[in-house]
Amino acid sequence: MNEILKLLEQNSKYTAQQLAPMLDMEESAVEAAIAKYEEDKVILGYQALVDWDKAGEDFVTALIEVKVTPQRGDGFDRIAERIYQYDEVESVYLMSGAFDLTVIISGKSLKEVAQFVAARLSTIEGVTSTATHFILKKYKEKHCLFTKQVEQEERVLFV
Amino acid sequence: MDYNSILSERIQKIAPSGIRKFFDILEEMKDAISLGIGEPDFVTPWHIRDAGIYSLEKGHTKYTSNSGMLTLRKEISAYLKRRFDLSYDPAGEILVTVGGSEAIDLTLRAFINPGDEVIIPVPSFVCYNALVTISGGVPVLLQTKRENEFRLTPEELKSAITPKTKMLVLPYPCNPTGGIMERKDLEALVDVLKGTDIIILSDEIYAELTYGLKHTSPANIEGLSERTIVVNGFSKSHAMTGWRLGYVCGPRPVISQLTKLHQFGIMSAPTTSQYAAIEAMREGDADIEMMHNEYDRRRKFLVSELCRMGLDCFEPRGAFYVFPCIKSTGLGSDEFCERLLISEKVAVISGTAFGPGGEGFVRMCYAASVADIQEALIRIERFIKSL
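Protein sequences, first through last, are from chains A and B. So the first sequence is numbered by the working numbering: it starts at 1 and just counts up by one. So the second sequence is numbered by the working numbering: it starts at 1 and just counts up by one.
No lab work stands behind these hints, which were simulated from the structure alone. Where hints are given, some of them may not hold.
[Unchecked claim] Taking lysine-lysine and the DSSO-like style, the derived pairs with C-alpha atoms no more than 27 Å apart in a straight line are:
1) A:Lys13 x A:Lys148
2) A:Lys6 x A:Lys142
3) A:Lys148 x B:Lys300
4) A:Lys13 x B:Lys300
5) B:Lys30 x A:Lys13
The task is simple: from the sequences and hints, build the whole structure.
Right under this line is the structure:
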């Protein structure tokens with residue numbers, strides 16, 4: 001069953017009609033399985049991967065290491081929740097190692113992101129420190145390459 | 001100088017590939033989709049490329065042993081045992097070659113005396129016919145049939161054998177038909193060959209790409225194994241076409257003669273490629289699975305779509321080609337391909353390129369991205385409806 005998920009993770013534009021023969025399933029069964037995944041929130045959403053540089057938009061992304069003081073009873077969850085409620089926050093992960101949370105934030109400019117960190121993030125109760133790392137260049141995301149592939153020269157051959 | 005009067009008559013008589021003109025048109029087109037070239041669309045897995053690069057960094061740029069590096073031959077031996085239950089001694093029964101093509105060429109040249117006949121089931125890869133002729137042999141083309149799923153039947157084989165028959169080529173899994181020979185199909189040939197000295201040249205370059213069951217080599221079959229020369233390589237299994245690396249396995253006296261030919265003609269297979277191939281043999285089984293599964297999905301998708309369009313399409317059991325029958329369109333194969341290319345910019349190969357018996361069929365390669373296959377199918381359907 002999870003084959004459907006693997007294929008959709010590769011390309012969410014696959015239709016049930018296309019998936020059915022690849023998986024030896026009936027089209028209606030594929031549709032039903034996908035609907036169930038969506039209902040159960042196994043599939044959380046479908047999004048396009050955008051190269052904003054190429055689209056000509058100003059766009060910065062930062063990865064912020066956050067150290068927090070865990071709270072009695074709620075551990076890290078309560079603070080994480082306070083952080084992820086902000087629309088600016090793209091992703092939040094609880095980490096092992098030298099810090100506690102990774103927070104990924106996007107904005108139009110360095111200033112905008114820096115302001116968010118200073119005004120919002122670091123003032124949350126329980127946050128003890130932040131370290132902001134700006135992404136300078138994206139090479140690869142979700143198996144997609146941002147760099148241009150070198151075109152192969154034309155070959156005439158018969159195999 | 002009149003070069004044509006000086007050049008070898010035998011070489012000049014060999015017809016050039018008939019689809020040259022076709023590819024010339026294709027090359028001019030900007031947004032054409034090609035399901036023509038039989039080559040994986042995957043790049044060689046990074047860890048294998050890295051092993052090649054690392055060998056260059058270490059300065060491994062010299063000739064290797066004529067037979068290929070012993071380490072590689074040991075890995076090939078272990079791989080063949082592990083994946084196909086074949087047993088070959090790395091010292092003396094395996095020769096590393098420049099692609100499967102060289103292995104085929106060497107084997108033919110090592111066996112053929114002038115006038116010897118070589119039975120070649122067709123439709124099949126174009127090189128056998130030409131290489132037999134170059135070696136001074138006589139190709140005997142044996143048509144396999146759609147209704148037999150393009151297998152070679154014992155009756156067909158029997159009808160083609162004469163006192164001059166030296167060799168039988170078994171090109172399975174088959175390019176272009178996708179046909180395979182199962183264990184029972186091979187066992188059925190044992191009685192026909194019993195008592196003869198006919199050698200089997202088994203081209204198993206697509207051995208990793210069978211769907212639904214594992215590949216069986218004639219070298220696995222009692223009564224065939226001692227007469228079988230196995231040719232294989234890294235091009236299709238590990239997406240390593242450009243590295244030009246293959247190998248041939250067989251009885252010691254045979255490999256010894258092949259090694260002599262190879263030593264004078266080639267010296268040794270590319271060293272960088274051999275280092276990369278060692279990595280491929282040691283750590284590449286997961287890559288094989290990944291690519292196999294991906295091809296399998298594309299295969300099922302393509303077959304189901306072609307059937308939906310009303311083309312009679314035998315479900316290919318191996319390699320990465322489908323070979324649909326296009327007789328229902330009322331067009332001949334050559335005309336079908338040319339008109340499809342010109343009106344819809346989709347390149348597929350006419351079945352006639354693969355020898356007699358290919359008329360009425362076209363070859364489509366599904367080692368292309370799903371997006372390309374999808375778009376090609378939309379165009380093919382539009383083309384068929386327009387007829």
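Assess, step by step, whether the Cα of Lys6 of chain A is no farther than 27 Å from the Cα of Lys142 of chain A, and give holds or violated.
This hinted pair holds, its Cα atoms lying about 13 Å apart.
Given the proposed pairing of Lys13 of chain A with Lys148 of chain A, does the C-alpha separation stay at or below 27 Å?
holds (23 Å)
Is the Cα-Cα distance between Lys148 of chain A and Lys300 of chain B 27 Å or less?
Roughly 31 Å separates the two Cα atoms, so the pair is violated.
Hinted pair, alpha-carbon criterion (27 Å max): Lys30 of chain B, Lys13 of chain A. Please report holds or violated.
It holds: about 25 Å lies between the C-alpha atoms, which stays within 27 Å.
Within a Cα-Cα threshold of 27 Å, do Lys13 of chain A and Lys300 of chain B meet the stated pairing?
holds (18 Å)
Hint compliance for this structure: hint 3 is the single one not met.
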